[in-house]
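Student: From first to last, the protein sequence lines stand for chains A and B. Following our numbering, the numbering of the first sequence begins with 829 at its first residue and continues without gaps. Following our numbering, the numbering of the second sequence begins with -8 at its first residue and continues without gaps.
Hints listed in this document are in silico derivations from the structure and should not be mistaken for laboratory results. One thing to keep in mind: the hints can contain errors.
Claimed, not checked - In silico lysine-lysine, DSS-like type, Cα no more than 30 angstroms apart, as pairs:
#1 B:95 x B:65
#2 A:1442 x B:95
#3 B:102 x A:1442
#4 A:1442 x B:101
#5 A:1442 x B:98
#6 A:1071 x A:1081
#7 B:120 x A:1442
Unchecked claim - Each pair of labels, with its calculated beta carbon distance range:
#8 A:1360 x B:222: 43 to 49 angstroms
#9 B:116 x A:1258: 49 to 55 angstroms
#10 A:1284 x B:231: 34 to 40 angstroms
#11 B:116 x A:841: 40 to 46 angstroms
#12 B:59 x A:1258: 49 to 55 angstroms
#13 B:59 x A:1292: 44 to 50 angstroms
#14 A:1269 x B:253: 57 to 63 angstroms
#15 A:1364 x B:116: 28 to 34 angstroms
#16 A:1360 x B:116: 31 to 37 angstroms
#17 B:59 x A:1360: 21 to 27 angstroms
#18 B:289 x A:1284: 34 to 40 angstroms
#19 A:1284 x B:293: 26 to 32 angstroms
#20 A:1364 x B:106: 22 to 28 angstroms
#21 A:1364 x B:216: 50 to 56 angstroms
Claimed, not checked - Listed next, the stretches of chain A that the computed footprint assigns to chain B, with coverage defined by at least 3 CB atoms under 8 angstroms from CB atoms of chain B:
#22 1341 to 1349
#23 1362 to 1374
Even for Gly, the Cβ is constructed at its ideal location relative to N, Cα and C.
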Amino acid sequence: MKSCGLGSMEKRKRLLIAEIIICIAIFLAILLPNVCGTTTQNDISGDIEGVFTLDGMTAAVINSDVADKTVHNKYPQSKVVEYTDVDEVANALDKENADFFVCSFEEAILLRDKYEELYILPGALIVDGVENFVVIKKERYKYGTTNKTFKDVENAGATIACMSGTDDQIHLEERFHDCQFKYYPALPDILQAVSIGAVDYGSAFDNTREEQLAQFEDIAALPENCYVNKFSFMFPRNDKGNKLCKEFNDFYKKCRESGVYDEMLAKWQSQDESKYVIDVDSYKPDVDNGQISVVTLGKWTPMSFIYNNELSGMYVELTYMFCKEYGYTPQFSIADIDGELAGVATGEYDMVADIASENEERKKNVIFSDTILEEATILVTKADTDAIKEVPKAQAFVQSIKESFVNCFITQKRYQMLFDGLNVTITISLLSILLGTVLGGIICALRMSGNTFCEAFSIIYIKLVQGMPIVVLLLLLFYVVFAGTGIDSRWICVVGFSLDFSAYCSEIFRTNIESVPRGQRIAARALGFSEVGAFTRVVLPQALIGILPVYCGQVVSLIKLTSVAGYIAVVDLTKSSDLIRSATYEALFPLLVTALVYFILASVINLLLRIVGKHYGPRLKPSR
Amino acid sequence: MLIKVEHLSKSYNNVTPIKDISCEINKGEVISIIGPSGTGKSTFIRCLNLLEKPTSGKIIFDGMDITAGVDVNKLRKRVGMVFQSFDLFSDKTIIENIMLGPCKLLKVPKKQAYDRAMELLRMVYLEDKATAYPFELSGGQQQRVAIVRVIAMNPEVILFDEPTSALDPTMVDEVLAVIKQLKKQKMTMIIVTHEMAFAKEISDRVFYLDEGVIYEEGTSEQIFDNPTKDKTRHFIRKMKDLNISFAVKSFDFYKINSQIADYACRYNISHNRVIQMYTVVEELVALKLLPALSAQTEVELIFSYSEKYEIIEGTISYKGECINPIELGDELSGQILKNAVKKIEHSYDTESKINTVSIEM
Ligand SMILES: Nc1ncnc2c1ncn2[C@@H]1O[C@H](COP(=O)(O)OP(=O)(O)OP(=O)(O)O)[C@@H](O)[C@H]1O
Ligand SMILES: [Mg+2]
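Construct all of the structure, not just a fragment, from the sequences and the given hints.
Tutor: Next up, the structure:
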């Protein structure tokens, strides 16, 4: 016996060492791809950021009619110089006598193909329905470049990342019918997918291009526009929605006319981050016309995003203004576009403070406000490598690691958001474990009650809950069962996870209780113990021996399962890291840290349960 | 009188193992209950501590009618029960098994309960196993602990349901010894058992249970040595039956002989005995009886063999007028038959019109 004890000690030690070695190996495996080989870094040296920054620079044109009009329209402060042929233009651009050249797409392609040092800027200039393009000297362009055009995309086999909740599906699939499509919930996800090479192309918006290109050095936009979206806010198709929509349209019109809208646009599009603040107190309504629940994306800088751990952005502020005007108090939730659409269609939300493209399909379910934004969809792809310089990965990694870390967690006190998320995750987990265990005990009691009806009920309950993916269960609770009740979605999470947990618990309880020989219960009864006494004194202590390890495992898996809470607009640990990821365009750190936190959380709870089990549980003696 | 049972019956959904049991049991008496399997012995004694709820009838324990809604937990503290399968609590040590009841139910202080438990363990020579777990004990040791666990509750009567059936033969005696010791201490006990020798030795009275009633009741000597009823005797003597029935017209001598040969083979019946049975079939049945009966008559032929007492009983029964086959037929076959058997008798029941020929070999 004694030598056996020593042996197991020895074995435990060896196990621990092996565990540590494996952990280090995994860590290295994640790290190595990031430090070995070379990576690309864009040499940001150019002074031209895109078609928006050209105003004031010298424009070159050949066909004076159309091009002239375009330049005057789009760049009123620019001087126009006329040239007679493309070679002359190329020369002028090279010598920087002219800064940019406005022409049709065909001409631009011709020019680019002839002169390698020239580049077509992404984004068409549309005047009177005619598209024109801008050609500049490549080395003056600030961002990654690509020579690809839609012709290249049309070549079969390319994979395109689209945004769900837009009309990408309709328009892109029609245009590039030989391509494959993947759907992502938000723009940052698409850009990340393009950056890591998961897809060949990604759809993006014309306006937000600069922001994206600044974040992703290795991404470049194709020159052409896919199609033009009309975006607007949404309201549910019910009386309240109708009323709100009408009020909002009036409000919005007034804003446009009075210039408030442009002021706001200037505020939120400025580079000055100190302006990204909403003074919520100043938007307290003077009259009280009740609350309205508003959902927004929270992932879209500068319209709806998290800044300094506060929901911020132009659309958020616009909503506050609107609410003040009509005496409402807004209650904000954060959800991805699918969640927004589903939620507003079922009346869960009274307003979507985020723009979605108008289409007929959607109009059946929701009401659109007046068009707020018209924007072209463009395609992005990986930038040509010759334009960017290669640096050893290790160097880049070490360089960027601190930067990334600071950017992800320190800047704007983003760690606070993680803590809040962690808090939510822990709260939901603990409550669900508690309620689920109690409920599981009740279901188990019903299951073993001997009453046919109770048994049938519990069997159906267990089968239904176990047979349903947890996400579907949560969505059902959120959009159907509790739709319109205004219950905090965190509570709905607790309900959902408790239901799920209880089904597993009750089966764990039942199988282990049944594994205790029946004779022992009867022997206890024969000694004079009551039914309850026999259960608690004789059956339960033995059942616990089998229950505890499985229960621990189930608890850990529940904690991990709570990571899907984001589906119903709960900002838990996973969702908050997701928000950081979309705000910083950094994937590694937020995900790594989140994984680590879950790991630690699970380990700690597991440890606690084991300690509790050792102190208060049964002695773990082998049974025959 | 400690226990009085009046017209007790117990039915399950589709069977009624106990139809009508009445009996009285005095303080200090040891009662054995014997009977074939499935006749409701367990059901009966489980009724006595209300582990089974009687369907009708009364059980009066110490002057109180326990079938009329009493506190069962209180009752069970006074009526202990030992099971076939020991049923020790497998997550608890031996001493904890014994102390659990006294401590939690009788609220005996821990120290006192411990001392008593150790004393009882000493009594069954298992003192050194106090801190062992049940799985570390042999079956016989476990059953002794189970008995001690019941005694620790100071019951007024102990019910045993086949306490040795699950044990290897080598361990039976150590458990029976403990029960014998309890008898010395004047404990009232009701024991369901298949250990006939033990039952005979220890019982003040024996109940033979069959057909849902106490079929025969008496002292050990009455039941074991001179049972008055057929079924009781069959059971006590562990008789093995061969049952053959046929209509006169389809009598098949060879088939019956081969059945007898099979039967003899199965129970190791000696060759001489087989010849005797053949003789009965040939001389008595084929030559004397059958010619006298009408072709439709149904005849039932039963042989019962007791290994212990080395005897075979034969019974031939048939319906109709009174016909005594012994008197029939020729002298010679009569002589052969008389040589083959010890005793042969004919009886006729005028009411049911059944002839019975009893043979002892
Ligand atoms: N809980 C029950 N439900 C239905 N029928 C039962 C139940 N318990 C016992 N029986 C039936 O009642 C009859 C008597 O059973 P019981 O166990 O009392 O017989 P026994 O005399 O103890 O037999 P053995 O000597 O084999 O233990 C059997 O036919 C059995 O099938
Ligand atoms: Mg039995």
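Student: Look at each hint and say if it fits the structure.
Tutor: Verification of the supplied hints:
A hinted pair counts as satisfied when its Cα atoms are at most 30 angstroms apart, and residue 95 (chain B) with residue 65 (chain B) qualifies at roughly 13 angstroms. Simply put, residue 1442 (chain A) and residue 95 (chain B) have alpha-carbon atoms about 23 angstroms apart, close enough for the 30 angstroms limit, and the pair holds. Taking the CA atoms of residue 102 (chain B) and residue 1442 (chain A), the gap is about 26 angstroms. The hint holds against a cut of 30 angstroms. For the suggested pair residue 1442 (chain A) and residue 101 (chain B), the alpha carbons sit about 23 angstroms apart, so the restraint of at most 30 angstroms is met.
Restraint check for residue 1442 (chain A) and residue 98 (chain B): satisfied, since their Cα atoms lie roughly 27 angstroms apart, inside the 30 angstroms limit. Straight-line distance between C-alpha atoms of residue 1071 (chain A) and residue 1081 (chain A) comes to about 16 angstroms, which keeps the hinted pair within the 30 angstroms bound. Proposed proximity of residue 120 (chain B) and residue 1442 (chain A) is supported: the alpha carbons are some 25 angstroms apart, at most 30 angstroms. At about 44 angstroms, the beta-carbon gap between residue 1360 (chain A) and residue 222 (chain B) stays in the expected band of 43 to 49 angstroms.
A C-beta distance of roughly 53 angstroms is found between residue 116 (chain B) and residue 1258 (chain A), which places it inside the suggested range of 49 to 55 angstroms. The hint said 34 to 40 angstroms for the Cβ distance between residue 1284 (chain A) and residue 231 (chain B), and at roughly 48 angstroms that hint is violated. Distance hint check: the CB atoms of residue 116 (chain B) and residue 841 (chain A) are about 44 angstroms apart, consistent with the given range 40 to 46 angstroms. For residue 59 (chain B) paired with residue 1258 (chain A), a C-beta distance near 51 angstroms keeps the hint of 49 to 55 angstroms intact.
A hinted range of 44 to 50 angstroms holds for the C-beta pair residue 59 (chain B) and residue 1292 (chain A), which are about 45 angstroms apart. The hint said 57 to 63 angstroms for the Cβ distance between residue 1269 (chain A) and residue 253 (chain B), and at roughly 59 angstroms that hint holds. The hinted window of 28 to 34 angstroms between residue 1364 (chain A) and residue 116 (chain B) holds, with their beta carbons roughly 33 angstroms apart. Look at residue 1360 (chain A) against residue 116 (chain B): about 36 angstroms separates their beta carbons, and that is inside 31 to 37 angstroms.
Residue 59 (chain B) and residue 1360 (chain A) have their C-beta atoms about 24 angstroms apart, which keeps the hinted 21 to 27 angstroms range intact. At roughly 51 angstroms, the beta carbons of residue 289 (chain B) and residue 1284 (chain A) sit outside the given window of 34 to 40 angstroms. Checked against the hint of 26 to 32 angstroms, the C-beta distance between residue 1284 (chain A) and residue 293 (chain B) comes to roughly 51 angstroms, which is inconsistent with it. In this structure the supplied range 22 to 28 angstroms holds for residue 1364 (chain A) paired with residue 106 (chain B), their Cβ-Cβ distance being about 26 angstroms.
Between residue 1364 (chain A) and residue 216 (chain B) the Cβ separation comes to about 51 angstroms, which falls inside the hinted range of 50 to 56 angstroms. Residue count for the stretch 1341 to 1349 of chain A with a Cβ under 8 angstroms from a Cβ of chain B: 3. That meets the three needed, and the coverage hint holds. Beta-carbon proximity to chain B at under 8 angstroms applies to 5 residues in the stretch 1362 to 1374 of chain A; the threshold of 3 is reached and the given coverage holds.
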